[in-house]
Structures are given as structure tokens and as C-alpha cells.
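From just these sequences and the hints, can you work out the full model?
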Amino acid sequence: MGGADAPAGGFVQLLTPDGERIDSVTTADGTTYSVDFTDDEYRELYRDLVTVRRLDAEATALQRQGELGIWASLLGQEAAQVGSGRAMRPQDMAFPTYREHGVLYTRGIDPIMPFGLFRGVDQGGWDANEHRFNGYTIVIGSQTLHATGYAMGVTMDGKTGGPDGEAVIAYFGDGATSQGEVNEAFVWAGVFHAPMVFFCQNNQYAISEPLERQTRIPLYRRAAGYGFPGVRIDGNDVLASFAVTRAALDNARNGQGPTLIEAYTYRMGAHTSSDDPTRYRIASEVESWKAKDPISRLRAFLAKQQLGDDAFFDEVDEAAKKLALDLRERVLAMPDPQPVSMFDHVYPNGSPELEAQRAQFAAYHASFEGSDH
Amino acid sequence: MMAETITIGKALNHGLRRSLEHDSKVVIMGEDVGKLGGVFRITDGLQKDFGEDRVIDTPLAEAGIVGTAVGLAIRGYRPVCEIQFDGFVFPAYNQIVAQVAKMFYRSKGKVRLPIVIRIPYGGGIGAVEHHSESPEAYFSHTPGLKVVTCSNPADAYWMIQQAIRSDDPIVFFEPKRRYWEKGEVDLDGDLAGAYPLHEARVVREGTDATLLAYGPMVRTALDAATAAAEDGRNLEVIDLRTLSPVDYEKIYSSVRRTGRAVVVHEAPGNIGLGAELAARITEHCFYSLEAPVLRVTGYDIPYPAARVEEEYLPDLDRVLDAVDRSFGW
Ligand SMILES: Cc1ncc(C[n+]2csc(CCOP(=O)(O)OP(=O)(O)O)c2C)c(N)n1
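Those sequence lines, one after another, are chains A and B. In terms of our numbering, the first sequence is residues 245 to 617. In terms of our numbering, the second sequence is residues 199 to 527.
Hints are computed from structural coordinates only; laboratory data are not their basis. Model, not experiment: these values are computed from the prediction. It is possible that part of the hints are untrue.
Claimed, not checked - Distance windows between CB atoms, simulated:
| id | chain 1 | residue 1 | chain 2 | residue 2 | range |
| --- | --- | --- | --- | --- | --- |
| 1 | A | Gly614 | B | Asp429 | 18 to 26 Å |
| 2 | A | Met400 | B | Asn468 | 30 to 38 Å |
| 3 | B | Ile323 | A | Ala606 | 24 to 32 Å |
| 4 | A | Gln309 | B | Ile469 | 53 to 61 Å |
| 5 | B | Asp221 | A | Asp354 | 53 to 61 Å |
Backbone N, C-alpha and C fix where the C-beta goes; we use that ideal spot for every residue, glycine too.
This is the structure:
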């Protein structure tokens with residue numbers, strides 16, 4: 245499982261940076277990975293990648309214009325997210341961090357959802373069960389345990405063991421692998437044979453800390469110590485991301501337990517809009533990853549196969565732009581919350597003490613009525 | 199020596215630098231503290247000058263940061279741990295309250311853990327959740343820990359050095375939204391002459407009521423006192439500086455003079471520092487009090503979304519309102 249520009253130890257790659265298709269890849273454990281897409285499916289994957297990047301760029305622009313408090317960009321990680329996201333079946337459940345806007349998009353969820361959090365008007369506030377996509381999790385690693393518990397519930401409900409079974413995928417970064425909680429999630433998932441896929445986007449940095457500050461061995465090899473398989477993929481290859489995640493999710497839903505996938509990728513921008521990457525990484529490194537861009541390689545493939553011409557590429561760009569501008573308008577229209585709403589949803593059953601505080605707060609505010617307070 | 203006008207952030211940086219120079223056993227450890235200089239740049243330039251063994255970029259693991267600091271301390275080092283944001287201290291909470299706080303007691307005084315755990319805390323910077331919390335009560339409630347917080351550059355500079363030299367494990371809360379506020383610091387001054395670490399300080403003298411505040415709320419309390427002066431009320435403001443143990447004597451003597459006390463903090467009021475202060479003041483100054491001790495605090499809700507945080511945080515109006523209520527008794 246070599247592939248162009250593979251790290252030591254190799255990775256699964258089905259589409260090279262030059263847009264060459266590799267038919268199939270067989271890993272050391274004898275598993276063969278491949279994809280079998282129709283022409284339209286290839287084109288739709290391309291559309292996903294372009295759309296997700298465009299939405300992300302719009303969010304970055306909104307942040308720079310002061311419309312968002314902060315933004316965690318996925319630039320460079322589109323293939324990892326779109327491939328794994330599209331590999332999910334409708335019944336599967338995802339547990340993201342704060343950067344999985346691409347996965348969210350592939351779930352068919354309105355891309356405006358995370359903007360409340362980043363604009364500072366709410367904490368996220370969507371229904372995980374309805375969307376089969378949990379809330380964004382900011383404390384590093386915590387969601388991996390939630391995902392594992394959810395997956396245990398899937399097993400207890402008898403929803404594994406066949407193609408209609410449910411599987412669960414947890415997203416996290418390379419930095420997260422250092423957290424105790426993530427290691428506990430590995431332990432639990434292994435011990436309870438949970439229908440889980442751990443999807444690590446190794447984008448080489450945790451804010452300023454390079455991968456070497458988290459591990460001395462390739463991350464996918466950790467899985468062996470917990471008793472389940474680990475696979476490394478070219479995270480900039482949407483086909484590999486799809487193929488390996490689909491197989492791992494199917495294994496999970498069929499009752500074969502967890503898999504750890506390490507998507508070897510790169511964070512092209514800053515960690516978040518508050519970060520200054522020039523302090524800790526060199527421009528030539530960023531340049532070398534540009535050559536492995538997930539979108540340009542799929543575009544090269546489509547062009548070579550005559551699956552897409554300029555008119556198609558332009559149309560995709562235009563449609564993405566339209567979606568992004570529409571999103572922008574809706575984000576700008578997001579109102580500030582009513583101050584008194586901060587007392588909502590503290591307890592399902594309410595609290596007399598809190599009701600008293602809310603009333604006091606409202607009365608206090610009413611006392612300023614007419615002033616510019 | 200000429201005092202320099204610098205920010206709280208810079209003062210902490212200078213204080214850390216001086217500590218590293220003074221004692222080769224001092225090590226700084228945390229996420230992004232090296233090349234990046236920390237997300238708030240408090241450790242800016244320190245790794246460059248002291249090397250990667252003194253200013254240690256750690257894996258992304260708070261239990262690891264504090265837990266290994268325990269071992270380093272047993273081995274004779276003086277670790278200064280940086281927790282990136284208040285809301286991320288909880289993975290390390292077990293290490294702090296179950297191990298750091300108890301080692302001296304458990305070992306009958308044989309094992310000392312001269313560890314400082316620095317935590318930027320509090321709101322007002324427009325951040326997403328887990329970046330604006332005030333978890334000081336959790337730590338102040340734990341015997342064996344000392345908890346301090348600074349409110350101005352001079353205290354930041356001296357207190358961080360005093361904390362690092364102290365053999366007590368200290369949780370050092372830094373008022374993040376005040377990092378950029380400036381004040382005079384005598385950088386060449388003598389540590390021995392610095393104001394004691396575990397004393398509160400009267401930062402404004404007054405006769406009519408006592409405002410008790412700490413960390414980010416000291417500025418708010420001072421502003422309120424200035425505004426109250428225009429209404430002819432002369433408020434005393436005390437900066438607690440130390441949250442565990444609290445310097446009660448200084449507080450009592452003030453309240454006995456003024457007859458009124460208002461405690462101000464950002465953390466939720468329920469079971470907070472303010473509750474303890476009110477109880478103690480009531481117990482010790484009962485016959486001097488003209489009104490019950492009042493509190494102005496955050497509400498008993500999770501820290502809210504950034505766009506309403508100004509409504510959550512105690513501000514000048516809310517402090518003045520409480521002062522009015524105190525006088526209305
Ligand atoms: C427990 C905890 N500690 C610290 C932080 C601050 N922080 C936010 S993101 C981040 C780096 C995360 O790196 P990684 O897991 O590799 O994910 P990436 O952001 O690179 O996708 C840090 C240290 C946090 N959110 N949670």
C-alpha cells in the first residue's frame with residue numbers, strides 16, 4: 245500500500261495527486277480496498293469537495309469581516325471529510341469535533357447549523373438524533389467516549405449483525421490521540437466490540453504542536469494495542485477515504501467491531517482564525533502539500549477521463565458560489581439572542597431558583613427601558 | 199529604578215523569565231507554550247532563550263501535563279503548568295484535586311509539590327464555550343491547594359514569581375480579558391520587598407461601603423467606585439488576590455469601618471466564593487453591619503453565548519445597583 249508521496253509505512257491511495265486512478269489496494273492484513281463509482285457519482289463527489297471548500301472560504305471571509313467570533317477552517321481536509329461522510333449510510337451516527345463542516349454537509353444538513361456557535365449567538369443547539377450528527381465538541385477528545393457509548397447502545401439494541409445495522413463514527417484530530425479520554429474510548433470500544441469507526445484526521449498539527457509532539461509511531465498502529473484494526477489512508481484522496489470508511493462502517497454494522505482510520509492530511513490554513521502559523525511552520529511545507537490538493541487531483545482525473553469539461557467545472561463553481569452567498573446572507577441575518585434567553589434550557593425540569601433569577605433579570609432590564617442600556 | 203508601563207500579559211512573561219533565570223529547576227510546560235509562545239503569548243520567547251527542556255511543549259493532554267508535573271516535582275523540579283483555557287482544566291481535575299492537593303498531607307509533610315498551575319480564566323473576550331469560565335470555586339474548595347489571582351501588571355509580575363518560589367501547590371488564575379491592560383511595574387525590583395502573595399490589598403480607600411473583588415472584576419469594582427464618588431458615596435475597594443486562603447482580617451477591618459459589603463465575581467453565585475465571604479463577614483462583623491452582605495455574580499447558568507455575555511458579566515451598573523440596595527436597607 246504505497247501510493248504517491250506516501251509516508252513511511254504507506255497508506256491506502258486510490259487516486260494519485262496527478263489524478264491517476266489506482267484500481268485497488270490490498271493492505272498487509274489482506275483486505276482489498278476499491279471503489280466502483282458511476283460517472284455521475286464521481287462528478288457528485290467533485291461537486292461536494294468544491295462546495296465544501298467554497299462554504300468554508302465564505303466562513304473564513306465572514307470571520308475576517310467580524311461577523312463570526314472565530315472559525316475553524318477545514319481547508320485541505322475536504323477529501324477526508326467528504327469521502328468518510330459520503331461513506332456513511334443514513335442510519336449511521338457521527339460525532340464530530342469543531343472542524344467537521346464537510347461531514348456535516350454530506351449528511352444533508354443545512355450548512356448554517358454550526359454558525360450560531362461561531363457567531364456567538366448560541367452553543368450549536370441542534371438535535372443530534374434528528375440529524376444523526378452530534379453537536380460540535382470543543383473539549384478535545386470527549387466525543388470519542390460519547391460515540392463509543394452510543395455504539396454500545398446500538399449493540400444492546402440489537403442493531404448490528406447485518407447490512408441494516410447501524411454504525412457510529414467519531415472524528416478527532418492527531419492532537420486528540422494524546423488525551424486520556426480518547427485512549428479510554430479505544431479501550432472501551434475494543435473491550436465491548438462496539439460498532440465504531442474512529443476517524444482521525446491527522447492534519448499534522450495540534451495548533452502549533454507538530455505530530456511528533458503527540459506520537460512516535462504512526463497513529464493507525466495504535467489500534468493494534470487495543471485489539472482492533474488500524475488503517476492509514478491518503479487523507480487527500482476522496483476515493484480512499486470513501487472506500488476505507490465504507491468498509492470499516494460495514495464491518496462495524498456487521499458486528500465485527502471497531503476500526504481506527506488515520507487520514508493522513510494537512511491543515512492548509514491556520515488552526516483557527518485566532519492562530520498565527522507563521523510562528524511554527526515554514527511556507528515550503530505548505531507549498532509541498534498544495535501539490536497534493538484533494539480537489540485538483542479529482543479534477544485532473546475527471547478531465548482525463550472526459551467526465552468533466554470546462555462547462556461542468558464552471559457550473560460547479562457557480563453553484564457553490566451561489567450556495568455560499570446564500571449562506572452569507574443567512575448568517576448576516578442571524579439575530580443576536582434575547583438576553584433573557586440565556587436562562588433557557590439550563591434544566592429540563594426547570595428550577596425555581598433560576599426562574600427567580602430570570603424574573604429579576606427581566607425586571608432589572610425593564611428598569612433601563614428607554615435608556616440606551 | 200525606573201518603572202516600566204507594560205501589560206499584564208507582558209508582566210507575566212517577565213515574571214516567568216525571571217523565575218527561569220533564578221532557578222534552573224523551574225520548568226514551564228503546556229500546550230503550545232514553545233514556538234507559539236502560548237495562545238495568549240504569555241510564554242513568548244522563553245523557549246528560544248531557555249531551551250526545549252525548560253519550556254516544554256507537551257502533548258495535548260491536561261491530565262498528562264499536571265500528572266507528569268507531580269513526578270517532576272517529586273524529582274526536585276518546580277513545574278509551572280499552563281492550562282490553555284479555563285474550560286480545559288477538567289481533564290486535569292483529578293490530578294489536581296486528588297493528587298496535587300493531597301501529596302503533602304498524605305506523606306506527612308515529606309513530599310512537597312511546588313507546582314504552579316496557570317489558568318487564563320473568565321469571560322469578556324467573545325469566545326465560544328469552554329473559553330470563558332470561572333472555575334475558581336472548585337479549586338478553592340479543595341484543601342491542600344492555594345488559589346490566587348492577579349488584577350494588574352505589578353501583581354502579575356510579582357505574584358507569579360512568588361507562586362513559583364512557594365512550596366505550596368498553587369492554582370494561579372489569570373484574568374484573560376485584562377491581559378492587555380497596562381500599568382507600572384518595577385522590573386528590577388526586589389522580590390523580597392514585594393507585597394505578600396497571600397494578602398488582600400485595599401486598592402481604593404473609602405468609608406461608606408466595601409467592594410470585594412478579584413481578578414477581572416477589580417477593574418469593574420474600581421470603575422464603580424469612581425462612578426459612586428460622583429453620587430457622593432465613598433467606596434473602599436479590596437482586591438482579594440488570594441482566594442484560598444482568603445485574607446479575612448483585612449476584609450473584616452474594612453467592613454467594620456464601612457458597615458457595608460458587596461462581593462463581586464463573574465462565577466455563578468451558587469456555592470461560590472461570594473457565598474463564603476458573605477457568611478464569614480456576617481459571622482465576624484455582625485454588629486458592624488448596616489445591611490446584609492450582597493453579591494453581584496454571574497447567573498447560575500452555563501456561560502452563555504458570546505453575544506449575550508455582557509449581560510451575564512457583572513458590570514458597573516449591576517455593582518452600583520447592589521451598592522444602592524445596600525444603602526437602601
Ligand atoms: C481538552 C482541551 N485542551 C485544549 C484545547 C485547546 N485546543 C483547541 S483545538 C487544539 C488542537 C487540536 O488539535 P487536533 O486534535 O490535532 O485537531 P485539529 O484542530 O488539528 O483538527 C487545542 C489544543 C481544547 N479545545 N480542549
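Right, here's what the structure says about each hint:
no.	hint	verdict
1	Gly614(A) x Asp429(B): 18 to 26 Å	holds (21 Å)
2	Met400(A) x Asn468(B): 30 to 38 Å	holds (36 Å)
3	Ile323(B) x Ala606(A): 24 to 32 Å	holds (27 Å)
4	Gln309(A) x Ile469(B): 53 to 61 Å	violated (42 Å)
5	Asp221(B) x Asp354(A): 53 to 61 Å	holds (56 Å)
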